[in-house]
Amino acid sequence: GCVMLGNNFIIYFLLKFDKCMFLNTQSGQTEALKERNPSEKTDPHYTLSRISSKAKAAIHLEGESYSESFQNRLEWKNGQGQAFAQGGFQLENNKIIIPETGLYFVYSQASFSVSCSDSDSDREVVGKGLMPLSHRVWRYSDSIGSPASLMSAVRSACQNTALEGSYRDGQGWYNNIYLGAVFQLNRGDKLWTETNQLSELDTEEGNTFFGVFAL
Numbered sequence: 001g002c003v004m005l006g007n008n009f010i011i012y013f014l015l016k017f018d019k020c021m022f023l024n025t026q027s028g029q030t031e032a033l034k035e036r037n038p039s040e041k042t043d044p045h046y047t048l049s050r051i052s053s054k055a056k057a058a059i060h061l062e063g064e065s066y067s068e069s070f071q072n073r074l075e076w077k078n079g080q081g082q083a084f085a086q087g088g089f090q091l092e093n094n095k096i097i098i099p100e101t102g103l104y105f106v107y108s109q110a111s112f113s114v115s116c117s118d119s120d121s122d123r124e125v126v127g128k129g130l131m132p133l134s135h136r137v138w139r140y141s142d143s144i145g146s147p148a149s150l151m152s153a154v155r156s157a158c159q160n161t162a163l164e165g166s167y168r169d170g171q172g173w174y175n176n177i178y179l180g181a182v183f184q185l186n187r188g189d190k191l192w193t194e195t196n197q198l199s200e201l202d203t204e205e206g207n208t209f210f211g212v213f214a215l
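For the sequence shown, the UniProt record's numbering assigns the number 1 to the initial residue and increments by one for each residue that follows.
Any given hint might turn out to be false.
Claimed, not checked - Here are the simulated lysine-lysine pairs, BS3-like style, with alpha carbons at most 27 Å apart:
hint : residue 1 : residue 2
1    : K77       : K95
2    : K190      : K95
3    : K190      : K77
4    : K56       : K77
5    : K56       : K95
6    : K190      : K56
As the list claims (entries may be wrong) - With beta-carbon atoms standing in for the labels, derived distance ranges:
hint : residue 1 : residue 2 : range
7    : G102      : S156      : 35 to 41 Å
8    : G102      : G79       : 35 to 41 Å
9    : S65       : E92       : 16 to 22 Å
10   : S143      : Q90       : 28 to 34 Å
11   : Q90       : P147      : 17 to 23 Å
12   : P132      : S65       : 36 to 42 Å
13   : S143      : E92       : 17 to 23 Å
14   : R187      : P132      : 21 to 27 Å
15   : G102      : P132      : 16 to 22 Å
16   : G81       : G145      : 17 to 23 Å
17   : N186      : M131      : 22 to 28 Å
18   : S143      : D202      : 17 to 23 Å
Worth flagging that the hints you see were computed from the coordinates, not collected in a lab.
Predicted, not measured: the structure shown is a model, and the values here were computed from it.
Every residue, glycine too, gets a C-beta built ideally from N, C-alpha and C.
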């Protein structure tokens with residue numbers, strides 16, 4: 001089972017959860033009451049990596065350029081940048097292995113930088129702009145016996161920049177797909193991602209990531 005959360009509530013939930021953990025670990029110390037940098041509060045990557053680092057079991061991975069060795073899937077890296085694994089989590093064959101049965105918060109973000117063109121003559125660029133961008137998290141569990149989609153989202157590239165999260169600069173269009181929800185997972189479950197338009201992914205540190213932490 002799972003609890004799907006709206007984007008705004010996800011950030012609120014994470015910030016409140018982070019504050020509770022922070023106060024709990026710093027009980028009795030005045031430092032716990034100090035105000036944090038406002039920009040840090042609203043950055044999902046900062047918030048998620050901060051909470052994950054305090055959880056008993058957690059993994060936070062950074063995305064790298066896609067690799068043919070993983071059948072043209074986005075390759076996830078551990079041990080570089082802010083990526084880490086603790087509490088029994090493992091990264092095997094580009095999949096996260098769940099260490100124990102319980103409740104987990106699963107999250108992932110894929111950021112895209114797509115070339116846009118208003119000219120019909122540039123058919124290749126126009127074609128990329130018309131192709132939807134998608135990002136999905138999959139789960140395999142022995143209890144199910146087959147892969148199951150945990151969560152997914154689709155967006156249209158080169159769309160109106162008035163939409164939340166999008167940004168257009170000249171002929172470039174920038175946007176991200178963020179996924180996050182609470183799931184009941186079993187020991188040994190495997191989680192992985194599937195993303196289209198891999199050549200348009202922005203894999204700069206902090207832009208594309210995948211993680212899980214125990215609740």
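These are the hints, each one checked on the structure:
no., hint, verdict
1, K77 with K95, "holds, 11 Å"
2, K190 with K95, "holds, 6 Å"
3, K190 with K77, "holds, 16 Å"
4, K56 with K77, "holds, 20 Å"
5, K56 with K95, "holds, 20 Å"
6, K190 with K56, "holds, 19 Å"
7, G102 with S156: 35 to 41 Å, "holds, 37 Å"
8, G102 with G79: 35 to 41 Å, "violated, 25 Å"
9, S65 with E92: 16 to 22 Å, "holds, 20 Å"
10, S143 with Q90: 28 to 34 Å, "violated, 19 Å"
11, Q90 with P147: 17 to 23 Å, "holds, 19 Å"
12, P132 with S65: 36 to 42 Å, "violated, 21 Å"
13, S143 with E92: 17 to 23 Å, "holds, 19 Å"
14, R187 with P132: 21 to 27 Å, "violated, 35 Å"
15, G102 with P132: 16 to 22 Å, "violated, 34 Å"
16, G81 with G145: 17 to 23 Å, "violated, 36 Å"
17, N186 with M131: 22 to 28 Å, "violated, 35 Å"
18, S143 with D202: 17 to 23 Å, "violated, 36 Å"
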